[in-house]
Structures are given as C-alpha cells and as structure tokens.
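Novice: Residue numbers (the numbering used here), protein chains in the order written: chain A, 1 to 106; chain B, 1 to 265; chain C, 1 to 160.
Among these hints, one or two may not hold up.
[To be verified] Simulated crosslink set (SDA-like; lysine to any residue; CA at most 25 Å straight-line): (1) C:K60 with A:T74; (2) B:K70 with A:A2; (3) C:K98 with B:A194; (4) B:K71 with B:Q123; (5) A:K21 with B:R47; (6) C:K98 with A:R34; (7) B:K192 with B:W213; (8) B:K70 with B:G148; (9) C:K60 with C:G139; (10) A:K21 with C:P111; (11) A:K21 with B:N52; (12) A:K21 with B:D51; (13) C:K98 with C:T55; (14) C:K60 with A:I17; (15) B:K192 with C:V150.
Source of the hints: derived by calculation from the structure; they are not laboratory data.
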Amino acid sequence: MASALINVPERARRGEIIEIKTLVSHPMETGYRRTQLGATIPRDIIRSFVCTYNGAEIFRAELHPAIAANPFITFTTVATESGTLTFQWTGDNGFSVTQSATITVG
Amino acid sequence: MPGPPALPLRRFVVTVIMAAIAASAVAAEIPRAERRSGYDLMGRETRAIQDNDTANPGMLFVLDGESLWKKKTGAVGQACADCHGDASQTMKGVAARYPAFDAREGRPIDLEQRINRCRVDRQQAPALAWESRDLLALTAYVARQSRGLPIDVTIDARTQPFLDAGRAAFHRGQGQINLSCSQCHDDLWGRKLAGSVIPQAHPTGYPIYRLEWQSLGSLQRRLRNCLIGTRAEAYEFGAPELVDLELYLMWRAQGMKLESPGVRP
Amino acid sequence: MERSTSRRDFLHATGLGGLAAGLGVASAVHVRPAHATPAAMHDAVRQVVGTARVTPGRVKLDLPPLSENGNTVPLTVTVESPMTEADHVRVIHVFTEKNPRPDVVAFHIGPRAGRANISTRIRLADTQTVTAIAQLSDGSFWSGSANVVVTLAACLEDAP
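The shape of chain A in the complex, shown without the other chains (with noise of 0.2 Å):
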C-alpha cells in the first residue's frame, strides 16, 4: 500500500538547489479527540522525519499534534553529487516508514 509520495527531480546540475517534496500517509491523531461516548482517542502521531543524501542527514524535522494528517514538508537540498536520497519517518506504536529516490548529478 502507498505509504508516501516522494518527488526528487531525476536529474540536476551539480551545485543546483533542488526542491524535494513529501507526503505521507497518516493520521497524526492530535490525542485531543474523543469519541462520541467522551472518551478520549489516544496520540498517534508521527514524531520525527529524516532525510540523508548519500547517508549523510541533509534535513530533519521533528513533529508535533499540530502537523495535519498526511503531514506534508518541502524543504530544499544542493545537488552535489548522484547518488540516493533516504526518507524516514517514525513515530508513535513503532510507525516507521522508510523510502528511497535517486538522482543523477552531472
């Protein structure tokens, strides 16, 4: 099943700045929500996401009850050499989610 949407352009100049996008699916349950009977529904969120280029960590971010569910985050990298582009994303009841994207720099 889709767990995300990565989009990290095929190709770059090396020195360029490219725009990375990602979704991914989840709920982020704030742990503010009850149910019709008042009882409250747990967090359940994503907590942290990583990026590394190569294996080196080019951008993290560490999320809270108020990133919408499906949390979206764009961010920007230099391209500096071809290589593989690793998303990470972990959080609460042992989610964990991990894609991949090349890119060939020239």
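With chain A fixed as given, assemble chains B and C onto it according to the hints.
Specialist: For chains B and C alone, kept in the frame of chain A given last:
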C-alpha cells in the same frame, strides 16, 4: 368601497404572478456559462494542494487503488487488471459517465456500486463497505483516469425518471429549517456561510480529499454531510435517493471537467 | 470575550526582556494574559532560546490570512540567510499561542540546504498568531509571525 376586481382582471393578475414564479424557478438554475467548479471558489493555497500530485493526499489513495487493481482476489483469484488491463486506457471516461443505468437493477447506479458489482459478480469477492479505505482507493484510481475529461452522463427514457427525482430532491425544502439544496447552491453560491464560500455544488472532483474530513470521501458522504449540516435526515449510504441526487448533480454539471481526486475545504 | 493581544503587549507580559530592549521600549511590567496558552508558548520559546535575545526580522511566515479549514493550513517559512558554512540557519521552530500545545514543528537544516525555505501544513485550533523562531549558526535568534483567521466549517458532520 370598491368591489373585487372583475374576473378577467383577476385571472390576468394570477397568470402574471404564476409566470413570475415560474420564471424565477427557471432563473434559479445556474446559466451554463456561469457554472464554476468548487476549485474556482477555493483559496489559492488550497488550489495549490490539488494542483500538485505530491501535495494532494488524494493521490495516496490513487496509489493504493493502483495496487488493488492489480491484486488477485475473490473465489476466482482474479485481479481487476486481468479483465480490464491497463486502467489508463480501459477506465478512461468511465467515471465521467456515472451514475449510469444498470439493467439488472433497473435504475442508475453510481461508480462505487459499479465497482462492487464487479467484485461480487466477476471476482466473487465480498462487496467493499461504503467509505472503506479499499473502496475509496479503487474509486479514486478509476476516477483519476477520467481527470480532465468532461462529465458526460446519459439521460434517456430509462434514466429520465431518476433524473427528475433527483431534480425534485434538489429543489425540495428539507429538514428542520426547510432548506433546499437549490436555495444555497443555485441562488447564493459565491456568498459566505459562516466564513466559508458557498460553492455551486458540482461533483467535479470526486472522490475528494476534504480538509474537514482529513481524508478522502465519496459524493454520497458529502451529500449526507450536507443533509446533517442542514438538520435534515440523511439517507443511508447506497440509498436510491442519494444516487438519484448524484445523477442530477452530474447532469447539472454536464460538460464540466473532472478533477479527480479533488481537494476541497 | 478577551481583547486581542497585540504582539508588543504579549512580549511585555511574558517578559522576554531581551526582546523588549530590542524593540527599544522600557520593560515595564504588564498584566499577564488571562489564559494559560500564551504562557505555555512563552515557556516553549524559553526552552529553545534560553535567556538569549530574539530579534524580530529575517524570518518570513507565509500563511493564508483566512484559512479555508483549520485542519490543514499551508505554511511556508523563509529565512534570509546566505546558507554558507560560516553563516546559515540551523533550526527553525514554529509555535502557536492558542493551540492546546504551543510546539508545531522544528526543522533542522544546514548549509547543504542552499536556502532556508520550508513548507508544510499545520493545524490551527482558533484564530491566532503563528510565530517562527530561527536559530542561526552564530547563535543568534530571529523571529517572524503571521495572523490567521480560523473558522469552523459551515456544515459540520457527525462522526460517520
């Protein structure tokens, strides 16, 4: 004191009044040239979410639908793809013409019902529950194949009575405040209801990712949402009244382009 | 109905002394706002900046002035910075004053980012001011904020 108007004059006055009412009833429908998708009435930022396939959470459902399309299921162990092949070819235009008449039901059925019909009859798999993730995903995937195509439902002798029923429902006052769909969506579109812009209610993006739901949902869910919101009793999922309304809404939006999966506030 | 709190009043009341000095205003004591949440935001900001001074500027928060739906409000934060090894943004924190908790998100970047420009979508519980605080490589803190009007949807739906 003058007596009542002479009979010919009274008849004339009554005729003028009836003509005025009839005229206003016709004038209440939105002229074709003034039809606008809910997309056009959204803010810039929300439109940007729909415009980008990575930003649009509806696309997560489309991807799920693509997986389901290829997944063998049911007693016969067949995938949708086994009969229908490449959806981008075979499903092109399908969502644009639903609800469509179904001979066995003797009435129009909507896209979700059509998908379930295939599952039960051809795949011999259990029907998917209304608003279940799998049904939404498959509907989103099929509807996505009609993105950019004009709505094109068929109105003929068979579907006309159901269109008429849907039209009557749209114009009928309902619920605690006796409000009809037409009063807001024909007469007051573009104006604000408690900070939200009232759209014309064209089903140009279904299934939609509705920000209020924080999820994808069907047109039937949206109609029930509206009925509940206007303090009327909402028909159950799958009720013929809802499908009649869907048919009328699609006919009312005939020719407008599908945007599925749309994003709405 | 409480009066709306201007940013200057808030800064005074929460005693971000360095900030008051930065504004060139005498740090007179003001009454603390009635409800707890701006105080929680103040504490959250303190956790990040400690006793350092936060200078308004260089941080631009892009938010719709009237949100279409408080569940999903698109936000873009940009910080003026050359993003070089010597001079770059290290962290951008986003806070709200009226959500149940003040923290929204923290973005950790560095010179490899090329520019400090990040977008996401947040939840806002009510009409309020959103504040972003950027921590630079030289240890300085800069802030920017934006006001967003948030209303309930016109037609609510019971739980399905």
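Novice: Regarding the pair A:K21 and B:D51, is the alpha-carbon distance no greater than 25 Å?
Specialist: 13 Å, holds
Novice: Are the Cα positions of A:K21 and B:N52 separated by 25 Å at most?
Specialist: 10 Å, holds
Novice: Between the alpha carbons of C:K60 and A:I17, is the straight-line distance 25 Å or under?
Specialist: Answer holds: C:K60 to A:I17 is near 20 Å, not above 25 Å.
Novice: Check whether the Cα positions of C:K98 and B:A194 lie no farther apart than 25 Å.
Specialist: Holds - the C-alpha atoms of B:A194 and C:K98 are around 21 Å apart, at most 25 Å.
Novice: Given the hinted pair B:K192 and C:V150, is their alpha-carbon gap at most 25 Å?
Specialist: The given pair, whose Cα atoms are some 14 Å apart, holds under the 25 Å limit.
Novice: Straight-line Cα separation of B:K70 and B:G148 no greater than 25 Å?
Specialist: 24 Å, holds
Novice: So if I understand the rule, the pair passes when the alpha-carbon distance is 25 Å or less; does C:K60 with C:G139 pass?
Specialist: 19 Å, holds
Novice: Is the hinted pair A:K21 and C:P111 satisfied, with a Cα-Cα distance of at most 25 Å?
Specialist: Cα-Cα ~19 Å, so holds.
Novice: Are the Cα atoms of B:K192 and B:W213 separated by 25 Å or less?
Specialist: 20 Å, holds
Novice: Starting from B:K71, check that the Cα of B:Q123 is at most 25 Å away, please.
Specialist: 11 Å, holds
Novice: Is the Cα-Cα distance between A:K21 and B:R47 25 Å or less?
Specialist: 17 Å, holds
Novice: Can you confirm whether the C-alpha distance between B:K70 and A:A2 stays at or below 25 Å?
Specialist: The given pair, whose Cα atoms are some 14 Å apart, holds under the 25 Å limit.
When the structure is compared with the earlier hints, no violation turns up for any of them.
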